[in-house]
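Student: The primary structure of each chain is shown beneath.
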Amino acid sequence: AQKITQTQPGMFVQEKEAVTLDCTYDTSDQSYGLFWYKQPSSGEMIFLIYQGSYDEQNATEGRYSLNFQKARKSANLVISASQLGDSAMYFCAMREGRREKLTFGTGTRLTIIP
Amino acid sequence: NAGVTQTPKFQVLKTGQSMTLQCAQDMNHEYMSWYRQDPGMGLRLIHYSVGAGITDQGEVPNGYNVSRSTTEDFPLRLLSAAPSQTSVYFCASSFGGAFSPLHFGNGTRLTVT
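Protein chains in written order, with my numbering: chain X, 1 to 114; chain D, 1 to 113.
Errors might be hidden in some of the hints.
Stated by the list, open to error - Derived SDA-like pairs (lysine to any residue); straight-line CA-CA distance at most 20 Å: (1) X:Lys3 with D:Gly40; (2) X:Lys101 with D:Val60; (3) D:Lys9 with X:Gln39; (4) X:Lys16 with X:Asn76; (5) X:Lys101 with X:Thr27; (6) X:Lys16 with X:Val78; (7) X:Lys3 with D:Pro39; (8) X:Lys3 with D:Val60; (9) X:Lys3 with D:Pro101; (10) X:Lys101 with D:Gly58.
In case anyone wonders, no lab produced these hints; they're calculated from the structure.
Start from the sequences and build out the full structure, keeping to the hints where you can.
Tutor: Here it is in structure tokens:
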């Protein structure tokens with residue numbers, strides 16, 4: 001079974017609009033971390049935001065926020081006021097406490113339209 | 001402030017050749033790992049290590065070897081390159097546990113002809 005599911009292979013969003021990238025996960029661990037990474041066309045992996053399984057508040061980092069719904073096992077990334085530089089691949093990932101391995105989804109390609 | 005350093009950036013191999021991808025980190029991270037990235041498949045874990053002298057297999061370990069003789073270094077060896085190993089390879093490191101993000105190197109683009 002897929003541990004991380006990203007159902008949107010590609011998205012097109014108008015500049016300055018907010019965008020939500022979906023991510024659902026599957027684990028039986030109580031301790032886990034959820035991460036979002038950005039991969040621009042230059043290829044590097046950039047860490048954006050993190051949410052721990054015990055965190056009660058949604059994580060925020062500047063224009064990025066993580067909409068964490070534990071009962072639904074979802075960890076959606078919200079980008080407010082999108083910019084052209086946000087065009088990139090976005091990967092959701094999970095790290096389970098028992099295994100330490102980081103498992104990735106297949107990614108969403110976000111394109112911001114001017 | 002080097003972080004995770006991977007070399008080389010690009011490599012072309014012929015089928016059957018061997019090579020080593022180098023990875024070094026200067027953040028005193030216990031955990032290090034290698035991923036390969038192929039179109040439409042996200043990043044898949046090849047091998048990982050939770051400390052010097054300890055390594056384990058990930059999802060796609062066949063055709064690759066690793067060792068971890070120091071905390072800083074985690075080289076990936078391709079024993080006999082095959083066209084199916086054409087990919088982009090990333091090394092990543094972190095502190096241990098579920099709550100630490102991985103820090104990635106800039107990647108190695110490998111082509112096997």
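Student: Each hint: holds or not?
Tutor: Here is how each hint holds up against the structure:
no., hint, result
1, X:Lys3 with D:Gly40, "16 Å, holds"
2, X:Lys101 with D:Val60, "13 Å, holds"
3, D:Lys9 with X:Gln39, "16 Å, holds"
4, X:Lys16 with X:Asn76, "19 Å, holds"
5, X:Lys101 with X:Thr27, "13 Å, holds"
6, X:Lys16 with X:Val78, "13 Å, holds"
7, X:Lys3 with D:Pro39, "19 Å, holds"
8, X:Lys3 with D:Val60, "16 Å, holds"
9, X:Lys3 with D:Pro101, "17 Å, holds"
10, X:Lys101 with D:Gly58, "8 Å, holds"
When held up to the earlier numbered hints, the structure conflicts with none and fits them all.
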